[in-house]
Amino acid sequence: AQTVTQSQPEMSVQEAETVTLSCTYDTSESDYYLFWYKQPPSRQMILVIRQEAYKQQNATENRFSVNFQKAAKSFSLKISDSQLGDAAMYFCAYRSAEYGNKLVFGAGTILRVKS
Amino acid sequence: KAGVTQTPRYLIKTRGQQVTLSCSPISGHRSVSWYQQTPGQGLQFLFEYFSETQRNKGNFPGRFSGRQFSNSRSEMNVSTLELGDSALYLCASSLGPVIDTQYFGPGTRLTVL
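If you read the sequences in order, they're chains A and B.
Residue 103 in our numbering sits at position 108 of the first sequence, and the numbers go up by one each step.
If you want our numbering, it's the 1-based position in the second sequence plus 1324.
Read the hints as simulated data drawn from the structure, not as lab findings.
Here a beta-carbon is modelled for each residue, glycine too, at the ideal position from N, C-alpha and C.
There may be inaccurate statements among the hints.
Said to hold, decoys possible - Mimicking DSBU-like on lysine-lysine, the simulated pairs with C-alpha atoms at most 35 Å apart in a straight line are:
#1 A:K73 - B:K1337
#2 A:K68 - B:K1381
#3 A:K109 - A:K65
#4 A:K73 - A:K50
#5 A:K50 - B:K1381
#6 A:K50 - A:K68
#7 A:K65 - A:K50
#8 B:K1381 - A:K65
What the hints assert, rightly or not - Computed, partial: chain A to chain B, Cβ under 8 Å:
#9 L42
#10 I44
#11 F59
#12 K97
Generate coordinates for the entire structure from the input sequences, incorporating the hints supplied.
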C-alpha cells in the first residue's frame, strides 16, 4: 500500500520570503501522480499543483513550484514571495495511475505566515 | 462554472441514527469520490463512483455506503451512527476516473452526539 509522509507538522515563514514544505512517499508503482492541496480555515480543499511521475520537469504554478525526486520518492513544495493568504494546512497526496481516483494523503503541514 | 456543492453543510445527529449526505459535481464531471477528515485519522478515502458504479472502496465498515445517480450526483449514507463518525466529509469530482484532477467541495461537518 502506498503511504505519504509529511514530517513537518507546522512551519512558519515571513511575508515575502520563501518556504519549502517536505513530502516523501512510498510506492512500488512506476506510474503515478502527486499533488499538493491547500486547506484554509474555510476547509475548502484547493489544488495547488500537480506532478505526473513520468515527467522529469518539475511543475510550476506562479509562486508555487515542486522539487520532484523520483528515485528518492520525495516531492517538496516551494512557495516563493509568501503572502498572508498562503496561510493554511497543506496536504501532499498520491494517486496511482492504475487504480482510479483514490488519493492517499499525508498528515498535513500547517503553514503560518508572519507579517 | 459552478464548483462542487455539498448539502447540508452542517449536521448534528445522535448515536444510532442514520444520515445521508449529498454531493453535486461540477457540470460535466462524471466521477465522484468521498473522503472522511478527522483530527485523529486525517484524510481517508471512502469510495469512488463513476457512471453510477462504485469503482473503488476504502477501508470502512459496511455502515458506510454510497450511490451515484444518472446525473452524476452522489449520496453517501452512514447507518447506526457512532461517536467516531463525527468528521468533515469531503466530496471531490473529476471528469473521469483516469488521470484527471479532483476538485473538492466545501464539505459537510457531521457531529454525532
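Evaluation of the provided hints:
no.: 1; hint: A:K73 - B:K1337; verdict: violated, 41 Å
no.: 2; hint: A:K68 - B:K1381; verdict: holds, 26 Å
no.: 3; hint: A:K109 - A:K65; verdict: holds, 33 Å
no.: 4; hint: A:K73 - A:K50; verdict: holds, 18 Å
no.: 5; hint: A:K50 - B:K1381; verdict: holds, 29 Å
no.: 6; hint: A:K50 - A:K68; verdict: holds, 14 Å
no.: 7; hint: A:K65 - A:K50; verdict: holds, 10 Å
no.: 8; hint: B:K1381 - A:K65; verdict: holds, 27 Å
no.: 9; hint: L42; verdict: holds, 6 Å
no.: 10; hint: I44; verdict: violated, 10 Å
no.: 11; hint: F59; verdict: violated, 15 Å
no.: 12; hint: K97; verdict: holds, 5 Å
Checked against the numbered hints above, the structure breaks hints 1, 10 and 11 and satisfies the rest.
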